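Chemist: Here is how the chains run, residue by residue.
2 protein chains.
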Amino acid sequence: MAKIRLYTPGPTPVPEQVLLDMAQPMDHHRTKQYQDLLAEATNGLKYVLRTQNDVLTFTSSGTGAMEGAIVCCAQPGRKALVVSGGKFGERWGLVCQAFGIEHTILDVEWGRGVEPTMIEQHLKNDPKIGMVIVVHCETSTAAASDIEAIGKIVAKTDALLLIDAISSAGGMPIKTDEWKLDIVVTGSQKALMLPPGLAFAAVSEKAWKVIDANKPKAFYFDYRAYRKAIKKNDAPYTPALTLVRGLHRSLQMIQQEGIENVWKRTETLAKASRAAFVAMGLKIYATNPADSVTAVCVPEGLDEAQLRKTLRSDYGVHLAGGQGELTGKVFRITHMGYIDVVDTLGALGAIEAVLIRMGHKLTPGAGLAAAQKVLVKQ
Amino acid sequence: MAKIRLYTPGPTPVPEQVLLDMAQPMDHHRTKQYQDLLAEATNGLKYVLRTQNDVLTFTSSGTGAMEGAIVCCAQPGRKALVVSGGKFGERWGLVCQAFGIEHTILDVEWGRGVEPTMIEQHLKNDPKIGMVIVVHCETSTAAASDIEAIGKIVAKTDALLLIDAISSAGGMPIKTDEWKLDIVVTGSQKALMLPPGLAFAAVSEKAWKVIDANKPKAFYFDYRAYRKAIKKNDAPYTPALTLVRGLHRSLQMIQQEGIENVWKRTETLAKASRAAFVAMGLKIYATNPADSVTAVCVPEGLDEAQLRKTLRSDYGVHLAGGQGELTGKVFRITHMGYIDVVDTLGALGAIEAVLIRMGHKLTPGAGLAAAQKVLVKQ
Chain Y
2 MAKIRLYTPG PTPVPEQVLL DMAQPMDHHR TKQYQDLLAE ATNGLKYVLR
52 TQNDVLTFTS SGTGAMEGAI VCCAQPGRKA LVVSGGKFGE RWGLVCQAFG
102 IEHTILDVEW GRGVEPTMIE QHLKNDPKIG MVIVVHCETS TAAASDIEAI
152 GKIVAKTDAL LLIDAISSAG GMPIKTDEWK LDIVVTGSQK ALMLPPGLAF
202 AAVSEKAWKV IDANKPKAFY FDYRAYRKAI KKNDAPYTPA LTLVRGLHRS
252 LQMIQQEGIE NVWKRTETLA KASRAAFVAM GLKIYATNPA DSVTAVCVPE
302 GLDEAQLRKT LRSDYGVHLA GGQGELTGKV FRITHMGYID VVDTLGALGA
352 IEAVLIRMGH KLTPGAGLAA AQKVLVKQ
Chain H
2 MAKIRLYTPG PTPVPEQVLL DMAQPMDHHR TKQYQDLLAE ATNGLKYVLR
52 TQNDVLTFTS SGTGAMEGAI VCCAQPGRKA LVVSGGKFGE RWGLVCQAFG
102 IEHTILDVEW GRGVEPTMIE QHLKNDPKIG MVIVVHCETS TAAASDIEAI
152 GKIVAKTDAL LLIDAISSAG GMPIKTDEWK LDIVVTGSQK ALMLPPGLAF
202 AAVSEKAWKV IDANKPKAFY FDYRAYRKAI KKNDAPYTPA LTLVRGLHRS
252 LQMIQQEGIE NVWKRTETLA KASRAAFVAM GLKIYATNPA DSVTAVCVPE
302 GLDEAQLRKT LRSDYGVHLA GGQGELTGKV FRITHMGYID VVDTLGALGA
352 IEAVLIRMGH KLTPGAGLAA AQKVLVKQ
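Protein chains in written order, with the numbering used here: chain Y, 2 to 379; chain H, 2 to 379.
Everything labelled a hint here was simulated from the structure, so no lab data went into it.
None of these values were measured; they are calculated from a predicted model.
Any given hint could be a false lead.
When chains are identical, the list treats them as one kind, so a pair holds in a single copy or across two.
Claimed, not checked - Here are the simulated DSS-like cross-link-like pairs (lysine-lysine), alpha carbons at most 30 Å apart as the crow flies:
#1 Lys362 x Lys310
#2 Lys362 x Lys153
#3 Lys176 x Lys88
#4 Lys80 x Lys153
#5 Lys218 x Lys378
#6 Lys233 x Lys310
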């Protein structure tokens, strides 16, 4: 029996009821039925992101919506401050580079969140900074930044704050309006429990003012076209409507559970997992660990690729490896989305078993017991 | 019983077996299984497009892949010749405008294909033209252009030929290599029998040379990143993997039928439908009609929106209306994709019945008989 379970930080498992909703017969998107469905989905996204701002839906990966945000918000004569502490922070710097957007990279040690005061300092020293780009949960290192504190700092200036919340939104607390986040981008294949193919952006009034004055050099990712369309529950270009139908369903599930409960569940699973890995004698890579995903250092001499390969072939447990400079050094396991206690305990047990088989010294059940201690306390 | 059937030129109906393939449990895209599946799908796309060129897969609507083609092929100091005879030709002009790409619009009367000699003349008179953008089937008017003849003309120059084949590829003959088409773009939700969300581009060596020399100001739609990834059966950004799984299945179906047979089926249904509409006393809008979709003029005094509304509510037949200046003046019916004789005769009969009910004078069965005459001849 091959029962594959995804524990990768995107794609994540998709609930069966969502898969079947997407398999319903095709209908057209210029119908009242679809428009009502999109309206409800958009409201669901606002609920998840805790915002009254416009929320736009793109047919693309999260990278596309982030590119759109960066290009649309890049003001002539101003520059971007790009916080980079992993592969995705690096990517937003590359987007600036590709489009000739002047930018400063604020390098953060991999595994750490950015110090909010560092951003404050940059904004003080360089009034040319017109936007600050921060990754909430850096998927490659599983480190989180304090976007609430950063929001307070940037809100005092005329700069915009762009948040890559692709692997955090819906899994970790984000209060877009309260924290004054100007653009929050996320994707479908993470905490929103959908296949990849959709990306979303919540856009503040402060951001719209800049975008409207900018007249950005963009077409497919021109945020203005999506704002105009969403007001009529439409999209400027044919939308990935089966995925939107799935979104409608998965957001219903999130609303039924309650977003605070989803955040709490994710946090609990993350805490239990971290405790388990420490009890197995492993090190958590991030000093500021995110709750949506954990990166775990693989002990010296242990073959990380082999570990993951055996987990998949013998237990159906699909973990993610390391990215970039972390290849072979860490594995990553997700806690966000359609993942519960049973999934988590099962995966932790499988990891323990394979570690033992590969010669790593640990008492069988030590990791599981540590996880259980955290879980029963909740 | 509400049995909705799409006859819109995108989205089109998706076969049940494709819908269910896409509803299989989620797996990861960095697995041998997925890479093999993508490799097979890419080969299937090459088969459909009759090409040995690289074929790239994007998570976006067709518009996104066209934007990428235009931006990647726009050489500094050169300009674009944009053939515009409908809403989509207009759109590619707007893309040039958005990105500040110098361009000439070659205006073609709506409903006509472009005269290939007009393109020849432009290329002779203006050596600055570095790319020619032509819509194969202009979805808004259902008119086709002779891209084989245009291919021969452009191939003699150093200009690139970019074809929007979004609503033609897989439904009408396209021989990318034989006709020397440099970039052929299509989308998933037309003749390929999939939901919207994927776009594809076949790219010639001549185009790659330009793109590589260009170093385009693009990121998400930078064709170079997709070429690099596809060589390893990968994508640069998380792909819409459930749609790719569906693509794999729908391409299998096309290969089983044989692409020449698919073209022939589409052509036959188009011919039968046109004969039927003429027999109903209606006029075909395009003087150079495409075979993937037909635009039909609605008689003076007949409420086009009401016609379509009744067809959907009473017969489950969903036609498309007119776009832009054709709103209220034409309806459109598709012949491409998962559409057969039974679907077509059923829709033609329903249209006849509603026309009669709305006071249009015609002998009941006249349209159906005319269609049948064409069908039995094949």
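Chemist: For Lys218 vs Lys378, is the C-alpha pair at or below 30 Å within one copy, between two copies, both, or neither?
Modeler: Neither, since 53 Å and 53 Å both go past 30 Å.
Chemist: Taking 30 Å as the upper bound on the Cα-Cα distance, should Lys362 and Lys310 be classified as within, between, both, or neither?
Modeler: Result: close within a single copy only, 20 Å intra versus 70 Å inter.
Chemist: Go through the copies and call it for Lys80 and Lys153: within, between, both or neither, with a Cα cutoff of 30 Å.
Modeler: This pair counts as within: shortest intra-copy Cα distance 20 Å, inter-copy 47 Å.
Chemist: Can you give me the call for Lys233 and Lys310, within, between, both or neither, at a CA distance of at most 30 Å?
Modeler: Intra 48 Å, inter 19 Å, cutoff 30 Å: inter-copy only.
Chemist: Between the shortest in-copy and the shortest cross-copy C-alpha distance, which are at most 30 Å for Lys176 and Lys88: within, between, both, or neither?
Modeler: Intra 25 Å, inter 41 Å, cutoff 30 Å: intra-copy only.
Chemist: Between Lys362 and Lys153, at a C-alpha cutoff of 30 Å, which is it: within one copy, between copies, both, or neither?
Modeler: neither (46 Å within a copy, 70 Å between copies)
When each numbered hint is compared with the structure, violations occur for hints 2, 5.
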